[in-house]
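Chains as they are written, first to last, in our numbering: chain W, 1 to 481; chain S, 1001 to 1473.
Derived from the structure by calculation, the hints contain no laboratory data.
Among the hints, a few may not be true.
Claimed, not checked - Residues from chain S that face chain W, not an exhaustive set, calculated with beta carbons under 7 angstroms:
(1) 1272
(2) 1381
(3) 1382
(4) 1383
(5) 1398
(6) 1407
(7) 1410
(8) 1411
(9) 1414
(10) 1417
(11) 1418
(12) 1429
All C-beta atoms, glycine included, are put in the ideal place defined by N, C-alpha and C.
One letter stands for each residue in the lines below.
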Amino acid sequence: MLLALWLSRNIKQIRTVMVVGSTMLLALSVYLTVDFIAQRSAGVSAAQLYTDSWCWYPALNINYSIGVDGISVVMILLSSIIVFTGTFASWNIKPQPKEFFLWYMLLSLGVYGFFITTDMFAMFMFYETALIPMYLLIGVWGSGKKEYSAMKLTLMLMGGSAFLLMGILGIYFGSGATTMNIHEIAAMNNIDTNLQYIFFPMTFVGFGVLGALFPFHTWSPDGHASAPTSVSMLHAGVLMKLGGYGCFRIAMYLMPQAANDLAWIFIILTTISVVYGALSAISQTDLKYINAYSSVSHCGLVLFALLMMTQTSCTGAILQMLSHGLMTALFFALIGMIYGRTHTRDIRELQGLMKIMPFLAVGYVIAGLANLGLPGFSGFIAEMTIFVGSFMVDDTFHRVVTIIACTSIVITAVYILRVVGKILYGEPINEEHKRLSDASWDERFTVICLVACIAALGIAPLWVSDLINNGVSDIIANLMP
Amino acid sequence: MNYLEFFSMLPEISLLAVFVLIFIFDLVATGHRRRIFHIMTSLLMLAQIAVCLSCCDGEQTLFGGMYHNNSITSFMKAMLTFGSLLVILQSHKWLRNTHSYYKQGEFFILLLSTLVGMYFMMSARHFLLFFIGMELASLPLACLVAFDKYRHHSAEAGIKYILSSMFASAVMLYGISFLYGTTGTLYFDDMVAKIDGSAMQVFAMVMFTAGLGFKISLVPFHLWTADSYQGAPTVVTAYLSVISKGAAVFTMFIILTKVFAPMTKEWQMMLYIMTVASITIANLFAIKQNNLKRFMAFSSISQAGYIMLAVISGTASGMTSMVYYILVYIVANLAVFGIIETLEHHNENVELTRTHCNGLYKTNPKLSLLMTLALFSLAGIPPFAGFFSKFFIFMSAFDAGFWVLVFIALINTVISLYYYLLIVKAMYIKPNEAPIPEIKCDPYSRISLVLCLIGVVLLGVCSFIYTSIDKLV
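The task is simple: from the sequences and hints, build the whole structure.
Structure, rendered in structure tokens:
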């Protein structure tokens, strides 16, 4: 597909290739999901399905091995949806659409690769592959102080990956340097406890940087605010999930002892990110900043739930990844569309959009309500599961932090409703804005797709939780001392 | 002694044959026949690579153990010849201009004689042969550095290079004399039995490593690097930064692990400090450089520091990853220098600064894309080759127990990414009223750039090269 893009000359061809390609990806991942469910219900109970492995660097035990379990299936599905809708959201990207989509596809290649591999080396490779296109995507096609944000984002994430690489090397040599395969290492479970104490924090922080863990989250608001729409969508929607997925899959799965003993440090940090992110969102005036801080808060919640280490909370965390991915993508898409018309994202200058562009405004209301956890949308299911799961751990420390984290729901409601009320209702204050049009067909399509997904997840969440149950319980079983 | 035994040194002999052929051609060819000079040299180099590769299976020892050629050495020779071939291809345009048109032959001859010196240096198992090889590799290089003798900078760089290089040789010779004094032999194999780590031998080792450190330009012996790199003609800088450095690193690895094996603790500690200093200091200096060649000089110092990570591990996997790293470094660095060379020529030979790169992508998308890929490879970004080579080097160092060192190096990759990205930013993002106009490369440098591109993209993803190096070690 990258090749096809490289060859296409004009904008029409590029669009065709992108639409065909991303539709194919979407179709493939839907097929994957359906087939996965079918196999599971037919009683296949292996931890990973569709496994395959090619020897890559035999001297170093590096294989290119792939395989999916429920969690990765869901993540792949999510990525396909976002890539698909992102294509429509950047329909009129300027300048140099070809290059834009090339880097965009390289980015999504990294994301897909990360979710399907079960080999630490390949995983790390894809992880870094996903980071670099961001620099150019933000730097060239972004807005605002794009150079600063692009550099900050890239360097912080690369700093994180430096920690991560240390962690991976530690795991590899700590487990006797015989395999890079995650499941084989997990089965051996022979990493020395002292080594775990060193390398667990490194790995967790490494992934945590991408998952917007509290002291390392500062790249996120700047990066998201400056990125072009579809990149924000993909980045907030999928890339930040790489962090959570990695924490769960590598850090906690492979070093259970340290995960149990050191979880309290990170629980405190994630609680801070949940509440702090939400509070920061209140005081922002830029729409994208509000949403970026809300992402920090929600991704913090994902890590928080994972660290609670109960079946329910981890299921909730995966659900939250999924639902947050969809919601933020919808949010960023809408913000991009509004910004494309009004050329401002400052909420003080926007008012009365409901009268000017009713379709977008309704979309915004839906996204907002989903975000604050209205029943019927995906956010409610996810957050409900997380808090119930977290409360099941019965000691004072965990209960107290759960209660603190719960306050974020209220704070979320505050900033969402404030924005919705401010920009959508009332009389338009800017005369210029009155002449603006409503969404065009490609934009409508994007919004409808995402809203449908969110609602589907909210109304019928069971099939997803069934899907991920197996994968989660494997990891949880490994975590239990 | 059977004279046929000389043919055991096939790579050296055939390179000498190439050398003589070029020499004769330079004498007899006149007028339009000189035009094929470049093609001829390139083809001969290609044949030379084939010869080196054909020696890759089997070991030869000559002169009672003074000369030893094994598979990995042959491969290394092939690699360096490949690098020189790239440099020769890139030099076409530069050699065509008025000053150096009649000196074409000289250029090739000087280049090849340094290459012969490096061959001997890598195959030496005796300090005398080693020292002769090293001198043969450095003296002609000084001439090359000063090749544009009418340019003030070039002459200055030549003087700087030869003075520091002689100084390094003297220091090294001093160290070797201590070794001879305490062990009574110059053969590597005999010497190792008599090394016991006495104070005098440690002193000798320090002197010796310092001498080689000059060649590799490790901190604190790096002070000549930036000036010489800046002043030398760009192709020579390219040659200096990859080929001569690669040979020196390889030799250092062999000597440290073979001769100084009983003093592993001592040299590891010394290299540890030098590595940390090289990587960190060079990185910090590189950020501030605006002149592209000076910038590449500091970048190459820090790259040398990364290669030292493999040397310091001293294991077989360290050897593999080092050779692999040098190979990747050759293609990536030569790609960057090739582009700098091309840009310089179309810019009336002014010294390029980062601001010249502004807006390059608008006018020369292909060149700047290649530049980006090469820089990403140098910074160690997947899926390009540099990522793999860095990863393997870290792995070997980590395996040998140097955790903290690996961590420091990793943090430094972030810094290095910053300054590599500055150039990428200049090319893609910075606007420019008058960017460098569209450039049409001459076919020679185009071939070399395409070769570099293939190397940068495929060396990592295709694992068979690493695997075959691993088998050779």
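Hints and how they fare:
1. For residue 1272 of chain S, the interface hint is violated, the least distance from its beta-carbon to any beta-carbon of chain W being 17 angstroms, above 7 angstroms.
2. At about 5 angstroms, the closest approach between the beta carbon of residue 1381 of chain S and any beta carbon in chain W falls short of 7 angstroms, and the interface hint on this residue holds.
3. For residue 1382 of chain S, the interface hint holds, the least distance from its beta-carbon to any beta-carbon of chain W being 4 angstroms, beneath 7 angstroms.
4. Against a cut-off of 7 angstroms between C-beta atoms, the interface hint on residue 1383 of chain S holds, since the closest Cβ of chain W lies about 6 angstroms away.
5. Look at residue 1398 of chain S: its Cβ gets to within about 5 angstroms of chain W, closer than 7 angstroms, so that hint holds up.
6. For residue 1407 of chain S, the interface hint holds, since its Cβ comes within 7 angstroms of a Cβ in chain W; the closest pair sits about 6 angstroms apart.
7. Against a cut-off of 7 angstroms between C-beta atoms, the interface hint on residue 1410 of chain S holds, since the closest Cβ of chain W lies about 4 angstroms away.
8. Annotation: residue 1411 of chain S was flagged as interfacial toward chain W, and the flag holds, the nearest CB pair being 6 angstroms apart, inside 7 angstroms.
9. For residue 1414 of chain S, the suggested interface contact is upheld, since its CB lies about 5 angstroms from the closest CB of chain W, less than 7 angstroms.
10. At about 5 angstroms, the closest approach between the beta carbon of residue 1417 of chain S and any beta carbon in chain W falls short of 7 angstroms, and the interface hint on this residue holds.
11. Given the 7 angstroms rule on beta carbons, the hint for residue 1418 of chain S holds: about 6 angstroms separates it from the nearest Cβ of chain W.
12. At about 5 angstroms, the closest approach between the beta carbon of residue 1429 of chain S and any beta carbon in chain W falls short of 7 angstroms, and the interface hint on this residue holds.
Checked against the numbered hints given earlier, the structure breaks only hint 1 and satisfies all the rest.
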